[in-house]
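*Asks:* Required output: the full structure, derived from the provided sequences and hints.
So the protein sequences, as listed, match chains A and B.
If you count the first sequence from 1, position 209 lands on 209 in our numbering, and the numbers rise without skipping.
Quick note: to get our numbering, add 1000 to the position in the second sequence (first position is 1).
Source of the hints: derived by calculation from the structure; they are not laboratory data.
Label pairs and their calculated CB-CB ranges:
id, chain 1, residue 1, chain 2, residue 2, range
1, B, M1096, A, R185, 25 to 31 Å
2, A, G129, B, T1158, 47 to 53 Å
3, A, T140, B, C1138, 48 to 54 Å
Reference excerpt, derived from the structure (chain B facing chain A, CB under 8 Å, subset only):
id, residue
4, T1044
5, V1059
6, V1064
7, L1065
8, W1130
9, G1133
No residue lacks a Cβ here, since even glycine has one placed at the ideal position from N, Cα and C.
Here is how the chains run, residue by residue.
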Amino acid sequence: MQYHSPSSFNEAVAISNSSSGLVKYLAGGTDVLVQLKIGTKSPDHLIDIKNIPGVREISLRDDGGYTIGAAVSGAQLTEHKELSKKWPGLVEGMELVGSAQIQSRATLVGNLCNGSPAADSVPGMIVAGASVSILNSSGTKDVLVEDIPSGPGSTSLENGELITAINLPKRKDYEGDAYLRFIPRTEMDIAVVGCAVNLSLENGVITSAKVVLGAVGPKVILAHSAADCLVGTKLDGNILSRFSAKCSQIAKPISDKRGSEEFRKDIIGVIAQRAAKKAYDRALGNN
Amino acid sequence: MTKIHVKTNINGDKVEFLADPRETLLDCLRDHIGLTGSKEGCGTGDCGACSCIFDGDLVSSCLVLGVEAEGKSIETIEGMAGEKELHPLQKKFIEMAALQCGFCTPGILIAAKALLDRNNDPTESEVRYWLAGNLCRCTGYDKIIKAVMETARDIRETA
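*Replies:* Structure follows, in structure tokens:
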């Protein structure tokens, strides 16, 4: 295995395109090094992007949105007060990944590129309407995070393509997000189910809603029809129980050691309902 | 396979070593530099026995490549005690018997130090969550948590 430490994104992509065999990009390494250790993926070339200027920075753009560098760690997100206040759901999703040791290294982009349907940070990024900047040999493009996962352990990224940053849109008043997951213990586990919700309100009434379900399908599920039943409501009456039932109906989980299909369908409804309530409360207070 | 010449700083000392790019920082610490205080429990970032401070961040050194250490500053368990005295956490762990077999202890001490360096007044919950990435199969954790809480109190009182 050859180790490369380029000083620009263009150089990183050029190395990737001119190398033969399996090429992997390295950011936090909390998945790549495990794969290397247990032998599931044995790259011929490893391209470390952490020495590229700006790759560990969170910056506020002129349009009011945030750009998060590809190697920004979970701990950096949590420590960023303003970002955590505006996007608490996104930040709390990432914060659930691993221990303090893992948080020092693990990245949003890595969590996305690993392609796990149970990735805790991915539902939050999707409901936020986040996009990724992708660099390849023909230039740069912007792609929605929701278009990246393509199945268990796989993404829509082409060989050599590199995600350089995550772009969050500007946060408006009366918007709120939340991410909740179910695990059988209190810490250090992989989601049995997870759900992120983002809501926009006007006079307390939901004007738009996004709902994403995690770990209940081969990739994250955008639950459009469940989100639609929240719009025009104040989460009053029996809306939450209808929403919950809809989420359970949309979920297409498998049975495995972490939970049976029946259990996952049941519990996703409960978790989704709580996440919607939490996002609503945050949206009310967010002005 | 071509080895890479790595220049780094460990516990305040300039250190150079030759690393196979596949070797982890933990492999390099133990096998090339002879610092065997950091332990390999799982090798996959689950147990925390290899915890080190890497450029100010608490990391599992089994999830960092040795070649990534180039130009960085690393603190290991070997650098924790002073010239003449143990670190207050080390003293307290002995005093309160917060260890049995000792295999997890270097990692737990490093992780606890990283916490107290940034927050010398943590709640018990904060200590428990912070140390969730450090597994101990002997103590049942209570003595460890109590020792960290007591050390934090001592640090506050002497500050």
